[in-house]
Amino acid sequence: MNPNPRVLILCPYPLGISPGQRFRFEQYLDVLRERGVHIDVRPFLDMDTMRILYKPGHMFQKGIGVISGFARRLLTLPRVFAYDYIFVHREATPIGPPFVEAILFMLGRRVIFDFDDAIFISKTSKVNRIVAFAKWSSKIRFITRHSMKVAVCNNYLVNWVKQYNENAVLLPTTIDLDYHRPIAKPPLSTRRPVIGWTGTQSTMVYLELVREALSELQARYDFEFRVICDVDPKFPELKNYRFIKWALASEIEDLAGMDVGIMPVPQGEWEQGKVGFKAIQYSGVAAAPVVSSTGSGHEVVLHGKTGFVVDNDKASWVNALSSLLNNPGQLEAMGQAAREYIDTRYSVRSQVPTYLALFGK
Numbered sequence: 009m010n011p012n013p014r015v016l017i018l019c020p021y022p023l024g025i026s027p028g029q030r031f032r033f034e035q036y037l038d039v040l041r042e043r044g045v046h047i048d049v050r051p052f053l054d055m056d057t058m059r060i061l062y063k064p065g066h067m068f069q070k071g072i073g074v075i076s077g078f079a080r081r082l083l084t085l086p087r088v089f090a091y092d093y094i095f096v097h098r099e100a101t102p103i104g105p106p107f108v109e110a111i112l113f114m115l116g117r118r119v120i121f122d123f124d125d126a127i128f129i130s131k132t133s134k135v136n137r138i139v140a141f142a143k144w145s146s147k148i149r150f151i152t153r154h155s156m157k158v159a160v161c162n163n164y165l166v167n168w169v170k171q172y173n174e175n176a177v178l179l180p181t182t183i184d185l186d187y188h189r190p191i192a193k194p195p196l197s198t199r200r201p202v203i204g205w206t207g208t209q210s211t212m213v214y215l216e217l218v219r220e221a222l223s224e225l226q227a228r229y230d231f232e233f234r235v236i237c238d239v240d241p242k243f244p245e246l247k248n249y250r251f252i253k254w255a256l257a258s259e260i261e262d263l264a265g266m267d268v269g270i271m272p273v274p275q276g277e278w279e280q281g282k283v284g285f286k287a288i289q290y291s292g293v294a295a296a297p298v299v300s301s302t303g304s305g306h307e308v309v310l311h312g313k314t315g316f317v318v319d320n321d322k323a324s325w326v327n328a329l330s331s332l333l334n335n336p337g338q339l340e341a342m343g344q345a346a347r348e349y350i351d352t353r354y355s356v357r358s359q360v361p362t363y364l365a366l367f368g369k
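Add 8 to a position in the sequence shown, counting from 1, and you land on the number used in this note's numbering.
Worth flagging that the hints you see were computed from the coordinates, not collected in a lab. We put the CB at the ideal spot given by N, CA and C, even for glycine. Hints are not guaranteed to be accurate.
List time: in silico SDA-like cross-link candidates among lysine to any residue, alpha-carbon distance up to 20 Å [said to hold, decoys possible]: (1) Lys143 to Met156; (2) Lys322 to Glu220; (3) Lys63 to Tyr229; (4) Lys63 to Arg50; (5) Lys170 to Asp125; (6) Lys322 to Pro190; (7) Lys157 to Lys170; (8) Lys143 to Ser76; (9) Lys369 to His46; (10) Lys313 to Asp125; (11) Lys242 to Gln226; (12) Lys63 to Met212.
Pairwise CB distance ranges (calculated) [said to hold, decoys possible]: (13) Val213 to Gly44: 43 to 49 Å; (14) Ser130 to Lys170: 19 to 25 Å; (15) Asn10 to Lys253: 42 to 48 Å; (16) Thr362 to Pro190: 22 to 28 Å; (17) Asn335 to Val88: 53 to 59 Å; (18) Arg153 to Phe89: 18 to 24 Å; (19) Phe251 to Phe89: 19 to 25 Å; (20) Glu277 to Arg153: 30 to 36 Å.
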């Protein structure tokens, strides 16, 4: 076994662009290199394609970007014998059959397959529905079956993987607690508490699960409801509503301004494949998390100790949030307990040994 293994990472996006990649493996690259692992990252898409990927139209430019990505993959294949492991994040190619992975398997390469969503379910953004038919979601089973190891983010995905491959590794998506950290705030007794949510346009529909509960709460309590997102979901019925457009430069300051973070999640197979990352982020900045009992929030939040896990009905959300608004001491204690719990299971520090073990270290 090579004490200084060489690892080729095949991923969809350039480094520093995708939050999914950033929290899934990019934040481990420096520590892996420090421990003697040689890393070579080869994204499928280039920066020019990324700038237009999620915009409507631009089909010609997107097509050129995808063709270029396939060309890069073909040029990489003759070099795979230079590596001890091939780490495939999500898929080697975003559309079409798994021909790259099939070649790697035929060549006897040690493939480690990594994913953090239920990507075996067909799901495509609205602006790219035209390529939905080409996603080839069935390939996930093929790659899972033939990989040496499969790393996934929660127990639901571990159980799914074990239908096809016993070498399933639970590797939660994590945060760096030196980056996700609390900020100094005035005492709650001197200011309006902040209940918040962070997410993207694709998940802001989940806020409809708590809209009525928030309206009822604002009739009884004075608090700010803060949304950090790329698009404003609009809550005109709330008197103290604040929208903050997500920005990397201010994301921690904006998050850490919350006292309570909510994570409403509907029931669904896709949602069960999520790691509960919003709750992890809230906990990292010591905001008490309140999460739906659906999905995997119950794995991230210890009910009554580090936050609350609630059913998706108005009364349950109102009761949990009322408890925190009525008890500032409990709110602050839960936030601190949440951060301490995340450090043990969902921090970069806690999962470095798991990452090293993937590559025989």
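To see whether the hints hold, each was checked on the structure:
| no. | hint | in the structure |
| --- | --- | --- |
| 1 | Lys143 to Met156 | violated (23 Å) |
| 2 | Lys322 to Glu220 | holds (7 Å) |
| 3 | Lys63 to Tyr229 | violated (40 Å) |
| 4 | Lys63 to Arg50 | violated (24 Å) |
| 5 | Lys170 to Asp125 | holds (16 Å) |
| 6 | Lys322 to Pro190 | violated (29 Å) |
| 7 | Lys157 to Lys170 | holds (11 Å) |
| 8 | Lys143 to Ser76 | holds (17 Å) |
| 9 | Lys369 to His46 | holds (12 Å) |
| 10 | Lys313 to Asp125 | violated (27 Å) |
| 11 | Lys242 to Gln226 | holds (16 Å) |
| 12 | Lys63 to Met212 | holds (18 Å) |
| 13 | Val213 to Gly44: 43 to 49 Å | holds (45 Å) |
| 14 | Ser130 to Lys170: 19 to 25 Å | holds (22 Å) |
| 15 | Asn10 to Lys253: 42 to 48 Å | holds (46 Å) |
| 16 | Thr362 to Pro190: 22 to 28 Å | holds (26 Å) |
| 17 | Asn335 to Val88: 53 to 59 Å | holds (57 Å) |
| 18 | Arg153 to Phe89: 18 to 24 Å | holds (23 Å) |
| 19 | Phe251 to Phe89: 19 to 25 Å | violated (52 Å) |
| 20 | Glu277 to Arg153: 30 to 36 Å | violated (20 Å) |
Violation of the numbered hints given earlier is confined to hints 1, 3, 4, 6, 10, 19, 20; the remaining hints are satisfied by the structure.
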